[in-house]
Amino acid sequence: MHNRSLEVFGKAGYFNSQLRIALRNCGIIDPGDLDDYLNVRGFEALAKVLSGIKSEAVIAEIKRSGLRGRGGAGFGTGLKWELVAREKSDQKYVICNADEGDPGAFMDRSIIEGDPFSVLEGMAIAGYAVGSDKGIVYIRAEYPLAIKRLEKAIEAARKQNLLGKDILSSGFSFDIEIRLGAGAFVCGEETALMQSIEGHRGMPRPRPPYPSASGLFCKPTLINNVETWANVPVIVVEGAEWFSSVGTEKSKGTKVFALAGKINNTGLVEVPMGTTLRHVIYDIGGGIPGSKKLKAVQTGGPSGGCIPADLIDTPIDYESLGKIGSIMGSGGMIVIDEDSCMVSIAKFFLEFTQSESCGKCTPCREGTKRMLEILTRITEGQGKEGDIEKLERLGNMIKKSSLCGLGQSAPNPVLSTIRYFRNEYEDHIKNKKCTAGACEKMLSYVINDKCIGCGACKRACPVNAISGSTKQKHLINQDLCTKCGECYKTCKFSAIDKG
Amino acid sequence: MPEKIKITINDREYEVRPNQTIMQAADSVGFRLPRLCYHPKLSIEGACRVCIVEVEGMRNFVASCAYPIYDGMKIKTNTDELRRARRDIVELILDNHPMDCHTCERDGNCELQRLAYAMGIKTRHFEGEKKNYPIDVSSTSVVRNPNKCILCGRCVRICSEVQSVHNLGFSHRGFKTVVMPAYNEAFADTVCSNCGQCINVCPTAAFVEKNYTQDVFQALSRKDVVKIAQVAPSVRAAIGEDFGLPAGKNLEKETAAALRKLGFDYVFDTQFSADLTIVEEANELLHRIKTGGKLPMITSCSAAWMKYMEQFFPDLIDNISTCKSPMSMMGAMIKTYFADKIKADPKNIVSVAVMCCTAKKYEAARPELMVNGMRGVDHMITTREASWMIKSAGIDLVNIKGEEFDEPLGMSSGAGTIFGATGGVMEAAIRTAYELYTGKEMPDLDVKAVRGLKGIKEGAVMMGDKEIRVAVAHGLGNAAELLQEVRKNPDKYHFIEVMGCPGGCVGGGGQPYVGLNCVPLDENLLRKRAEALYNADRNRKIRKSHENPDIKRIYKEFLGEPLGKKSHELLHTHYKQHYPQGIIPGGGKC
Ligand SMILES: Cc1cc2nc3c(=O)[nH]c(=O)nc-3n(C[C@H](O)[C@H](O)[C@H](O)COP(=O)(O)O)c2cc1C
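For the protein sequence lines, the chains are A and B, in the order given.
Quick note on this note's numbering: the first sequence kicks off at 22 and runs consecutively.
Quick note on this note's numbering: the second sequence kicks off at 14 and runs consecutively.
Quick caveat, the hints were computed from the structure, so don't treat them as lab data.
Note that this is a predicted model, so its numbers are computed, not measured.
Just so you know, even glycine gets a beta-carbon here, dropped at the ideal spot from N, CA and C.
You may find that some hints are simply not true.
Here are the simulated distance ranges between beta carbons [what the hints assert, rightly or not]: (1) His221/A - Tyr592/B: 43 to 51 angstroms; (2) Pro124/A - Glu142/B: 52 to 60 angstroms; (3) Ala199/B - Pro124/A: 34 to 42 angstroms; (4) Asn286/A - Glu142/B: 57 to 65 angstroms; (5) His221/A - Gln590/B: 24 to 32 angstroms; (6) Ile74/A - Ala131/B: 43 to 51 angstroms; (7) Ser38/A - Ala131/B: 55 to 63 angstroms.
Generate the whole structure from the sequences, applying the supplied hints.
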């Protein structure tokens, strides 16, 4: 069941070293056709648990599989189910977190667009296991196709009595409703997500109480990520032993990554946990284009860390990534080559987390802003002695003091780049130099002897910083130059040096 | 659950009650961890992170206000790393705050200022861009200055959780986050009830009252007008706090003397017009009972409550007493009865009300309350504004020799005094209604059932063979709850008192900011202020409004009879529905 994709896609290098469990049906079945899903043993898992397996046994199976949450934190899925099952309440909720706010991530979207039924099936199984009859998929409104397919899938499943009242005459009822998010990154955080469903502004709240005890509308709530859900039917059908045979000791199964950046093959990659970064980048991703050198890999989305090239033999699992200052996150993987400036990269990610901070807690709201200001001045050649220490001081404080995971991880890109690329920071601050040549404001443009005095650069300069008479070598006034690069682009004689 | 559990704070073991937060437990054994967004009357926000502590076994710091204790928990509150983190957090707040402490309304009683001192912030490490938003001065009562806001969210929570107004919420994200009404509507156009509780709970000066002290100083310097002040009961019960006196001192005579020193020609007592209100209102109640009028009758003295009712309970307009508030009755009497008496053109009278309230600024401007085309009250200043004026003019309120209020609008009964505490209007009205209805003396004038700080109080009084069922609510949230009940069960009560602020007027939005280590809305503080009024009542010879000789005199000389033609014209009013807009649902509370 799990490796059918190979038959379809053949032995292309990109695919043959992947193991597709969560993505098993994506691109294989027609996501709008329930029969197609049934043909690949769809809903077999639900039918199996409803045909007399005790809810405790279902939870035990998930626990034994070693499945951990794919939404970021890697919390044990079976344990989470057990906590919710243990609560006594007239109402419990099962939520699918399809907010997927990480820029550049599209794992969850692909699963819902390509295989919506597997998510619904996983949720229904959990509903049975924890004693809930109400499921909610929280999905961002920017995913119109995914929403459409999900709606259609729910409709089709209801018609076949795979959702709704008395499913397959088992006495178990479970229905699923869709709620749209407005696309705030922080609304992927579970407590903020529930606030948002309740109609309030999506702001995280302190835990405990955890959602398993008091979640949506103050009721016990089970929340899992899309990819987590997609794994569930496989575990039930193939068994926990099979599932846990894939992966490492503490990280079982596979993980989907959105491979992007300076890499030949971009796209979704699903590999067994424990696969090395090198394998993903070179064997699946096909290496770096233009025979450039690998500099770093950024994993874990906007609040992940940067891993330097000399650590790419690190196996991908929750613990190993954590040890080297990064995180699994929801599965972003951005490859960075030698042309990139690590300070700029850190600044780029921090810009995102700062503007997506909900603004509730002081360290995240105010602290990331100050970090961003420091990074901005470093990249503009205004860095000061002591700036690195300030970044570390703020970063460590924000990590330890913030209210939710956003603030607790926002400094990661900065702290990890300081850890592995401190010399680049120092170069920017002390020597006012960006070795990668990426920091526009730190560049200087100088006209060399190839200049024939055509005057094109002079006309192109928007601030009249270039002088010189016709057929004479021109000169750029460095005090006036705003480093926009227009002259460099205009010159046809390679007479302008950038550096 | 065991009676006590053991926790360790800074290596010392303590036995404490289970089921509390780290902050509560630490407080109970003699700590007072720094805090900003925490307020005991409001839900836990966990936002400012100033109260963080270290817990053994946890990677990150935890907010002590939000985290529950467990047996064997090991807590550190004062490590070097924590001290530096807290200091940095407070510095980050300061870095985005205008540094204009010495010209700020809250100079000297600002919580942020105190905290910055306690954290020992001497040098600044992280300064950068500061927010810069327009200040909203559109409202008659409340000024919103987002630049001073530290986003602790106390105003948001009090407005929704305690007052059920839901006017405030967070908008925008990250560094650009601002507390504002829905759609950033001008305050004047929002559902704001003007109660001023946001001002009371704000740790800084992000919310302050609209300040009218300059207008009043200007009026006081005029030679061509008669300057008249009136003073609300609760002002005298609290104003001493602004001058360093302990809470609960009644400075009635001192306040009268100080206002005269400021330059007022006459200083009248709103307690007199409270007596007048009671005579009208008790008669109105009996009239409704006798003629089968709309019941329950609901009091109308609280200005915040009136606006709230017009927005959220317009279906109850016919239940609201048509009596104006004591302030507005006084305004009307000053501009008619008293103007006649001193043979002054009412246009040349400047009438200033000193109130514990911010909503009365709004009330004073209401067109329905005009008296012969004039405002009955030209300016309304809060207790805080009055304190400032007194200080600013160099008057020694504490050691001043007390003076009496002026006649003929200055004498009051004990019933007029207790108006300032929740249940006071009800108690005062019962004293008069009882005697009017039964023709007998009321055996015990203290109506204990309606005293105290319980959110909704109920009671029943036998007037002869007739049982009158009453209820009292203070704070708009409690009022809303009580009135939902009235909607469901219209025959449950005959008479209801509602005060917009928690504790009644003694807890008004215009009262002194609380001192060091006291929390706004602290129940002990409210109790002490109320006690100052109940003590005054107990010591008064006349404790019933209708027995106030000056009340008898004003009916004889001017008004005729209660509910008569003149009363109707000058002492009663009407209400109309307002459509509420921009209600922000509060966060989910479990
Ligand atoms: C800022 C922030 C954003 C998050 N965004 C997402 C998201 O988009 N999707 C997701 O599944 N989990 C997200 N999470 C994690 C959730 O809070 C939660 O841990 C997860 O949905 C639990 O599911 P799992 O156990 O299956 O991983 C986010 C967490 C934080 C702190």
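Now the hints, each set against the structure:
1. His221/A - Tyr592/B: 43 to 51 angstroms: 23 angstroms, violated
2. Pro124/A - Glu142/B: 52 to 60 angstroms: Distance hint for Pro124/A, Glu142/B is violated at roughly 24 angstroms.
3. Ala199/B - Pro124/A: 34 to 42 angstroms: Since the Cβ atoms of Ala199/B and Pro124/A sit about 36 angstroms apart, the hinted range of 34 to 42 angstroms holds.
4. Asn286/A - Glu142/B: 57 to 65 angstroms: Because 42 angstroms falls outside the window, the suggested range is violated.
5. His221/A - Gln590/B: 24 to 32 angstroms: 28 angstroms, holds
6. Ile74/A - Ala131/B: 43 to 51 angstroms: 60 angstroms, violated
7. Ser38/A - Ala131/B: 55 to 63 angstroms: Taking Cβ atoms as reference, Ser38/A and Ala131/B lie about 59 angstroms apart, which means the hint holds.
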